[in-house]
Amino acid sequence: MSEKEEMVKVYILGEGFDVPASSTILTALEYAGFQLTSGVGCREGFCGACATLYREKGDYKLQAGLACQTVVSDGMYIAQIPFVPAEKATYKIEELKPDINTFKEYYPIVFRCVGCNTCTKACPQDIQVMDYVQALIKGDIEKTADLSFDCIRCGLCALRCPAEIVQYNAAILARRLYGKYIMPKSPELEKRVEEIVNGKYDDQLDKAVNMDPEDLRETYYNRDIKTE
Amino acid sequence: MYLDYMRESIKKVEKTRADRLKLAKSGKPIVERMSDQERERVLNKFHPDYKEEAKKKIRIGPNQGQELTGEVVDVLEAYSRIKTNYFDLENPDYETDVLVIGAGSAGFCASILADENDTDVILATKLRIGDSNSMMAQGGIQAAVRPDDSPYLHYLDVMGGGHFDNKPDLVRALVSEAPDAIKWLEELGVMFDRNSDGTMLTKPGGGTCRPRMHSARDYSGAGMCRVLRDEVENRADRIKILEHQPAVELIKDDTGKVAGAVLYHLQNKCYITIKAKSTVLATGGFGRLHVQGFETTNHYGATADGLVMAYRAGANLMYMDSVQYHPTGAVFPPQILGFLCTEKLRGLGAQPVNKNGELFVYPLEPRDVEASALIRECVERNNGVPTPDGNEGVWLDSPLIEQINGPGTIEKNLPAMLRQFDRFDIDIRKDPILVYPTLHYQNGGIEINDRCETKVEGLYVAGESTGGVHGRNRLMGNSQLDLMVFGRRAGKFAAENAKSAETGKLNLDHIVEYEKEVEKLGIDKDRISPMVLPDYIPEKIKKKQYTAHPEGNLR
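First to last, the sequence lines map onto chains A and B.
The numbering of the first sequence is the numbering used here, which starts it at 1 and goes up by one.
The numbering of the second sequence is the numbering used here, which starts it at 1001 and goes up by one.
Calculated from the structure, these hints are not laboratory results.
Bear in mind that the values here come from a model prediction, so they are computed numbers and not experimental data.
Cβ atoms here follow ideal geometry from the backbone N, Cα and C, with glycine treated the same way.
You may find that some hints are simply not true.
[Unchecked claim] Derived lysine-lysine pairs resembling DSBU-like cross-links, with alpha carbons at most 30 Å apart:
id : chain 1 : residue 1 : chain 2 : residue 2
1  : A       : 226       : A       : 207
2  : A       : 185       : B       : 1183
3  : A       : 104       : B       : 1240
4  : B       : 1499      : B       : 1056
5  : B       : 1542      : A       : 143
6  : A       : 92        : B       : 1492
7  : B       : 1055      : B       : 1525
8  : B       : 1543      : B       : 1269
9  : B       : 1240      : A       : 4
10 : A       : 200       : B       : 1056
11 : B       : 1455      : B       : 1520
12 : B       : 1455      : A       : 97
13 : A       : 226       : B       : 1269
14 : A       : 180       : B       : 1183
15 : A       : 104       : B       : 1492
16 : A       : 226       : B       : 1183
17 : A       : 191       : B       : 1516
18 : B       : 1499      : A       : 92
19 : B       : 1412      : A       : 191
20 : B       : 1542      : A       : 4
21 : B       : 1542      : A       : 9
22 : A       : 226       : B       : 1022
23 : B       : 1492      : B       : 1083
24 : B       : 1240      : A       : 97
25 : A       : 121       : B       : 1430
26 : B       : 1412      : A       : 226
27 : B       : 1492      : A       : 180
28 : B       : 1412      : A       : 121
29 : A       : 97        : A       : 9
30 : B       : 1025      : A       : 9
31 : A       : 226       : B       : 1025
32 : A       : 138       : B       : 1412
33 : B       : 1540      : A       : 57
34 : A       : 61        : A       : 97
35 : B       : 1430      : B       : 1412
[Unchecked claim] Here chain B is said to cover these stretches of chain A; the calculated rule only asks that three of the stretch's residues, wherever they fall, bring their Cβ under 8 Å from a Cβ of chain B:
id : segment
36 : 106-119
37 : 126-136
38 : 212-226
Start from the sequences, fold in the hints, and give me the full structure.
Rendered as structure tokens:
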């Protein structure tokens, strides 16, 4: 970091630290000397491990975000959430039915949604969380699966929900039910698996595995290429 | 968000776009694909692996005398974290049939299959369950499912992409089980992208001769990993999960078999011993070693721990001289330096162009070739766009995607990419993105056979930690496949072994022996591995952290 770099003050556990203005919350913590052993994961916004609450200067609102994706601002107060103690139902997916009764049984809490939209505001992925909860209440598993698709399971929705709903856990159940039972199946896939089991490609592969290196190289460079 | 001088270059990109669109729609390759000789030339001159200083000779252990990636040699020629005489191995903290180390997709697959084969399972992981490189994969998973495709064509692609260095039996297993892996995932509830008739939506990847990439938008890795995680959590009564407890050494028995591991609890600082009949390493790769100073797309915990532990226990390494640089890592804005810009962007028609808006490489060469061509364009031809922090890159012309596939394509198929750049006020539908190769994948690893066995009895390995499947260059979509195929195999064969294995008296003698060799080399006592986590604390702060080692009440 160059000396001339613009710095801002952020507050970690209430104490002010000067960090480069271009820092994310994550790199600001490290710049201040905190070696992270929780509340950190992929560092690219895909794993949901770095849920963080913060408050900006002059604002009373607590905001939610991912530490690795949120750029700091001067006067920001930061508190990381290393773990979300939310309830997760356990089930055997192969024994479930893809309908509303499954949710009544495993996640009855979902039906307590008061429609306040706090979950949506908390979501760092900008998912319409409340909309998918409402869809679920109406039994629309497809819509729930679609709207919740980009969920990275950081748990911020559940942490902020006044009705104690565990949105993200209900959503993974919805997506699994949709993927397993409702999405159309590919006839090509079924067929190919069967062909392989029946040994259709065995001879070809035997030949390829035992091919002379020069022949293999030639076969490779001469193979026909389709991009569509 | 782009700076003024970048805007000037973007204008040139916009100027050539219409002609490049025409070219893309012509059905012919927009740039001629490289021949065998051309590939060799560009790799030799520009791929970071081919630099003389990239490698070092390893002086101890099973691969003694071989040239490996320098940073890997540094973590292998190092002392253990543990003092072996502290441990009471007569009374391990846990006993189990199968111990799986690493909770990414390979570890999940192994745990599920071991459970289905009626063995007790412990799954231990460094951070939170599911936090892994698996979760971060965007592009997809390969499987030869289309009628005009076959496991044979898939086989050719894997071998050619890997420069024919791959172990043929492993590749055969990979391609033959690919469709079944997809079906298994579908039955677990993974939402793969589909055409309206229910068939799978498949796209080409670098070095594939058929569109074979199955995806779940551009959260493909997450789409699979989170379902597997949920499935493991549903089996919590049989699969015991230990989070924030990375393994730091393997334990052996008096017959020389691997018989468990020592874990270190990152939060309460305790060491935990586990006795196991079979041990599966699914610890992932080494991106956080920042080979040659490269930025990485990898998870915080990708520090080659499995390599170190297995090597000390006597396992062989294969192709640990080979590093994958993903051609397109972000170089601007600085907050996302090194982040992955999925190959799916190019699969959907985005073209790499230089500062003048000119094409210079076929967009879907195998990754090592593509990356080398990007480096050549910047370093030799001086056609890169510099960034204020001293990096440079070429444009990946993403707006073409919607001109080729129609409006809405990016939002529907690349939501993660759209969101990633939107957070920094860049709309990839309207503006191109600036990219440069970034450290992405460990091509080599611990040598296994097609039962995921290593040369040390009781030790199984699956996923990125292994070597041989991908030769010296992995193709897009084959790592996700590797996790599923070999993760499941590892679980199955580890369980089979556990049913008949007898475990003798536990010991850590191999560590003592290994450290003697390290000492003979005169290595500094403070070079300790596995690394467990990288250290990003600035030097001036570190200098004030006097008690990094236990002293007094604080440890």
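Structure versus earlier hints - violations, ascending order:
Hint check: 4, 5, 9, 10, 12, 13, 15, 17, 23, 29, 30, 34, 36 and 37 fail, others pass.
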